[in-house]
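Model the full assembly from the supplied sequences, consistent with the hints where possible.
Residue numbers (the numbering used here), protein chains in the order written: chain L, -1 to 235; chain A, -1 to 235.
Keep in mind the hints are simulated off the structure, nothing from the lab. Model, not experiment: these values are computed from the prediction. Using N, Cα and C, we set each Cβ at its ideal position, and we do this for glycine too. Check the hints yourself; a few may be wrong.
[Unchecked claim] Cut-off 20 Å, straight-line C-alpha distance, at most; resulting in silico cross-link-like pairs (EDC-like, lysine to aspartate or glutamate):
(1) L:Lys213 / A:Glu175
(2) A:Lys213 / L:Glu175
(3) L:Lys142 / L:Glu120
(4) A:Lys142 / L:Glu190
[Claimed, not checked] If you want the footprint, here are the derived chain L segments under chain A, 3+ residues with CB under 8 Å:
(5) 169 to 176
(6) 186 to 200
2 protein chains.
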Amino acid sequence: MSETDASDRGLQIGFVLFPNLLNLDFAGPWDVLANLPGATLHVVAKDLAPIVSSSGLSILPTITFANCPQLDLICVPGGAGHLDAMEDEAMLDFLRQQEPGCRFLTSVCTGALVLAAAGLLEGYEATTHWNSHDRLAAYGAIPKQGRVVVDRNRITGGGVTAGIDFGLTMLAALQGEAFARQVQLGIEYTPEPPFPGAGSPETAEPAILEAARAKSAGYRAKMAEVDARAVARLKVG
Amino acid sequence: MSETDASDRGLQIGFVLFPNLLNLDFAGPWDVLANLPGATLHVVAKDLAPIVSSSGLSILPTITFANCPQLDLICVPGGAGHLDAMEDEAMLDFLRQQEPGCRFLTSVCTGALVLAAAGLLEGYEATTHWNSHDRLAAYGAIPKQGRVVVDRNRITGGGVTAGIDFGLTMLAALQGEAFARQVQLGIEYTPEPPFPGAGSPETAEPAILEAARAKSAGYRAKMAEVDARAVARLKVG
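Structure representation (structure tokens):
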């Protein structure tokens, strides 16, 4: 598709969903980016069956991998289901096929690990949910702390609610800061977390952080297994 | 249903959806409250047809007004569709019928106006999206600024992203502060709005605020019409 066509058709934005995703990872940036004039937003999935989030919400995809046009911006959200997505060849193939023609390849939360498993973060600075940050390096990504990390056309957001900061950052890049400020006002994004400091491992109470780590031990073990297989596949491939 | 039954069955939480809602209004508190042990979360709507949000997302309801059990917590989100919801007798009847047995009657964003149109905020302090705050008084509500306003069992959140602060506040009330802190860490809620101050009318750049007001003039006019009818109906009823 020529540049002119791309301009005529408006920006094509695809959020790539998979079962057991964390809905808020994508709901934040979706409602921010939906404000972009002329953009078309797609809920992309393997098939059109409802996607059930980790919290039990059912969302209807709008287009399949097979029928999806070339996207200008891809965003992969995270959540527990990212582990299966990392081993889903249809998912990885879709991302690899889209990459060369895509202006922005992005993720929120553990969606970064899906990009990584597709081999698409090698040599790029990236961030992800704090509990998965130490997994990025094995894929050749350069782990960087940050609510939103921008490295050329790879833009990665931190955990879950970082998707809102990510969305506004993307919006400013695409439509200018004044427009992004308007949208920030529209969504009344003047957050007051009820427990200041509780949202980050650096500033959370040590007992709370330890409890979170203990609670996720089984999940971390599964992550390690998936990572070992995914990294091995990348090296073979 | 006796107290014992209520305890046995776990907390029943219902998000009441309607067409053209603002998805993020409910996606935030949903993913926060979904962490409550033993709770059941319902997507309640008039029928089971997919609900299409203002940003084009389709969400599947899980239960109809007719089949919904007594809820312990009702949350009404907002968005442009709240105006039609305010004149939907099935919606208003559902809220009125649920109210006497409901522990918490809550809203996010302009969902407060739906509660108000049902006559359920009279004499209660409440908040809503900044662009609708001046509408509350006509319904006998006591407008109060705040990200989350608690008055007895009416808990109202401000605009859109305030739903996350609302959800964490509710979670702390229901399951304790330590639990809410764990969830805040889990969703990495340590927000860094890219444009500090841009999210509130008090601190936004005057030109941006004026543009937002100008852009919403038609919407404000429609709000005024709906409010006039809804208030008249309440006085007659």
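Exercise for the section: Would you pick out the hints that fail for this structure and give their numbers low to high? Expected result: No numbers; nothing is violated.
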